[in-house]
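**Q** Chains as they are written, first to last, in this note's numbering: chain C, 115 to 437; chain Z, 115 to 437.
Any given hint could be a false lead.
[Unchecked claim] Using C-beta positions, here's what the derived DEER-type ranges look like:
(1) Asn200/C - Asn128/Z: 52 to 62 angstroms
(2) Arg412/Z - Glu346/C: 45 to 55 angstroms
(3) Asn383/C - Lys188/Z: 34 to 44 angstroms
(4) Asp167/Z - Ala403/C: 27 to 37 angstroms
(5) Ala403/C - Ile146/Z: 24 to 34 angstroms
[What the hints assert, rightly or not] Reference excerpt, derived from the structure (chain Z facing chain C, CB under 8 angstroms, subset only):
(6) Asn243
(7) Asp269
(8) Ile280
(9) Pro282
(10) Asn371
(11) Pro404
Calculated from the structure, these hints are not laboratory results.
Treat the numbers as computed from the prediction; the structure is a model and nothing was measured.
Cβ coordinates follow ideal geometry from the N, Cα and C atoms, glycine included.
2 protein chains.
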Amino acid sequence: MSDKVIGIDIGGTNLRGALVDSEGNIHKRMKILSQADQGIDKLIDNLANFIADISKGEKVTNIGVGIPGIIDSKNGIITQAPNIMNVDNYPLRSVLKEKLGPDLNIVIENDANSAAVGEWWMGASKDVNSMIMLTMGTGVGGGIVLDGNLWTGADGMAGELGHMTIYPDGARCNCGNYGCLESYASATAIRRMVKEGLQDGNLNTVLRETTENVHIEDIPRIVMEAASSGEEFSLKIWKEVGVALGIAIASLVNLLNIEMVVIGGGVSNAWDLFIDTTYKEAHKRAFRAPMERAKIERGLLRDDAGILGSAYLALHSSSWKGF
Amino acid sequence: MSDKVIGIDIGGTNLRGALVDSEGNIHKRMKILSQADQGIDKLIDNLANFIADISKGEKVTNIGVGIPGIIDSKNGIITQAPNIMNVDNYPLRSVLKEKLGPDLNIVIENDANSAAVGEWWMGASKDVNSMIMLTMGTGVGGGIVLDGNLWTGADGMAGELGHMTIYPDGARCNCGNYGCLESYASATAIRRMVKEGLQDGNLNTVLRETTENVHIEDIPRIVMEAASSGEEFSLKIWKEVGVALGIAIASLVNLLNIEMVVIGGGVSNAWDLFIDTTYKEAHKRAFRAPMERAKIERGLLRDDAGILGSAYLALHSSSWKGF
Chain C
115 MSDKVIGIDI GGTNLRGALV DSEGNIHKRM KILSQADQGI DKLIDNLANF IADISKGEKV
175 TNIGVGIPGI IDSKNGIITQ APNIMNVDNY PLRSVLKEKL GPDLNIVIEN DANSAAVGEW
235 WMGASKDVNS MIMLTMGTGV GGGIVLDGNL WTGADGMAGE LGHMTIYPDG ARCNCGNYGC
295 LESYASATAI RRMVKEGLQD GNLNTVLRET TENVHIEDIP RIVMEAASSG EEFSLKIWKE
355 VGVALGIAIA SLVNLLNIEM VVIGGGVSNA WDLFIDTTYK EAHKRAFRAP MERAKIERGL
415 LRDDAGILGS AYLALHSSSW KGF
Chain Z
115 MSDKVIGIDI GGTNLRGALV DSEGNIHKRM KILSQADQGI DKLIDNLANF IADISKGEKV
175 TNIGVGIPGI IDSKNGIITQ APNIMNVDNY PLRSVLKEKL GPDLNIVIEN DANSAAVGEW
235 WMGASKDVNS MIMLTMGTGV GGGIVLDGNL WTGADGMAGE LGHMTIYPDG ARCNCGNYGC
295 LESYASATAI RRMVKEGLQD GNLNTVLRET TENVHIEDIP RIVMEAASSG EEFSLKIWKE
355 VGVALGIAIA SLVNLLNIEM VVIGGGVSNA WDLFIDTTYK EAHKRAFRAP MERAKIERGL
415 LRDDAGILGS AYLALHSSSW KGF
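This is chain C alone, in the form it adopts within the complex (with noise of 0.2 angstroms):
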């Protein structure tokens, strides 16, 4: 029998995965499109078909998948999983062992919570115990790692991050509350600023003709570009998002005292704009001794933060029971 397991990163775009090694080494990559937008039954023939590729040669049993909503990962239920379906309560874990084998350890976990176990895995946090992970991408993901363990929480919900309450009478969030962390700290919060900008007349020609008519993913990017050369504006939007994370990071880490804080996703390619913000004002807002303690890093593993999580809770699965 084969040690190696699957991780399983669905996106709304892609679905990447790999087969890895109890030792955490990456032995075969594969991407493929997830064409999430043609429904729920072209999703899982792709993800049936990605599993069959990728295990060609290799007898493999367990299997980690992570996937953006809300996840019942007791039960390897979808509950929610707005972005990329719109069936709720779909029962991935049964669906998948029904195409592929009954033997199959299949573990599915949220997208954001996997990023974090891969982070505490292999990448920034492989020497710390206790650690939580924002992931700031179109929204703001989160995990949380306690004492080396995943916190999923009493129905495997925990861990949203993205949606403390920083403003409470901020700007509305897609959650349907006001004033969540990311609304202020993902590329729909830059949109939205830079949407505002243009009404008030503050944006200049460059920001404007750039950010018209451009995926929500690219925009972070135009505005890193427009911050770095120095425009005034998307330096104020990089300050904000800054702000927002401080303010974020100091309660986390009055609350739970973990070793890291660490930052991921794409937005967060623009470290060098908002980390000196999210640094003093975290500093700022929470207990010293903690805050001392609570190293604030960047993610090291990228898009393989998500597969190695997934794979991790794949290898742990016959044991695994939240803590």
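Following the hints, complete the assembly by docking chain Z onto the known chain C.
**A** Chain Z only, in chain C's frame:
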């Protein structure tokens, strides 16, 4: 050998404790003045005498002590406890062992952490695996129990729920930060609101006369009685307390997906005046599913929460290593 342990709760005014068996039954209860204002040596003398008195006739080896402050529970050190002593990094465990005997097993813990463990063990959260507790007193303390274990963090400093930022530009907190939960939901916060009401000329004569020159611990009761008789400004204060709690609870539920939120402490005696607001605010802001899961309950044990929690920690001290 007795299977009984001693659980102690040290406060600024009183030192309370009890002899507790492994089932959580209280066999003997005592209370003396802590006299912490007369210096650390006096407090330690009182504590040592208290332990000798309460254990008379029993061979007690395990003692748990809850203290309002930042505690390094691993090393048995009081890092900081500004409300009861102005000594930093005080090695309470070794001092007590020297005074009382080297074979004693002494656990020290933050008092709000102890109270959370108490409510989880014998109180409102008896049948629950994961819960948080908020203790509304002069400040707002907190404790986090995850899967039946107190989460104390990397250095024993976790659980500062009162120092989550809920209004980034809000009132200054004793900790130096602005807009902590504590500065909106504690006796200190209520005193501030009353003072601001006086300055604005908003305060009716009754509240003005009764809140001047009274001890801070009595202010919540006075404002509670005024609100109960329909006095408008007092009602507004409790509404503000309720909203603040709701904002914090929503974030905590999204973060931790716990089964229960327990609220205790003297200020929570005004329960009926704030809990509806808290409930509405929390449900408005948090994700639906984890918020429906997390019952908001009033603490059942009052002053016994800390004593029983400390006793539990003492009972399990030999195997105790956080998680």
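**Q** Decide, hint by hint, whether the structure agrees.
**A** Hint-by-hint comparison with the structure:
1. Range check, Asn200/C to Asn128/Z: Cβ separation about 58 angstroms, and the 52 to 62 angstroms hint holds.
2. The hinted window of 45 to 55 angstroms between Arg412/Z and Glu346/C holds, with their beta carbons roughly 52 angstroms apart.
3. With their beta carbons about 38 angstroms apart, Asn383/C and Lys188/Z fall inside the hinted range of 34 to 44 angstroms.
4. Here the CB-CB span from Asp167/Z to Ala403/C is close to 35 angstroms, well matched to the stated 27 to 37 angstroms.
5. Between Ala403/C and Ile146/Z the Cβ separation comes to about 31 angstroms, which falls inside the hinted range of 24 to 34 angstroms.
6. Taken as an interface hint, Asn243/Z checks out: its beta carbon lies about 7 angstroms from the nearest beta carbon of chain C, inside 8 angstroms.
7. Interface restraint check for Asp269/Z: the shortest CB-CB distance to chain C comes to about 6 angstroms, inside 8 angstroms, so the restraint holds.
8. Hint on Ile280/Z holds. Least Cβ distance to chain C is approximately 7 angstroms, under the 8 angstroms limit.
9. Because the smallest distance between the Cβ of Pro282/Z and any Cβ of chain C comes to about 5 angstroms, under 8 angstroms, the interface hint for this residue holds.
10. Evaluation of the Asn371/Z hint against chain C yields a held restraint, the C-beta minimum of about 2 angstroms falling below 8 angstroms.
11. About 5 angstroms separates the beta-carbon of Pro404/Z from the nearest beta-carbon of chain C, less than 8 angstroms, and the hint is met.
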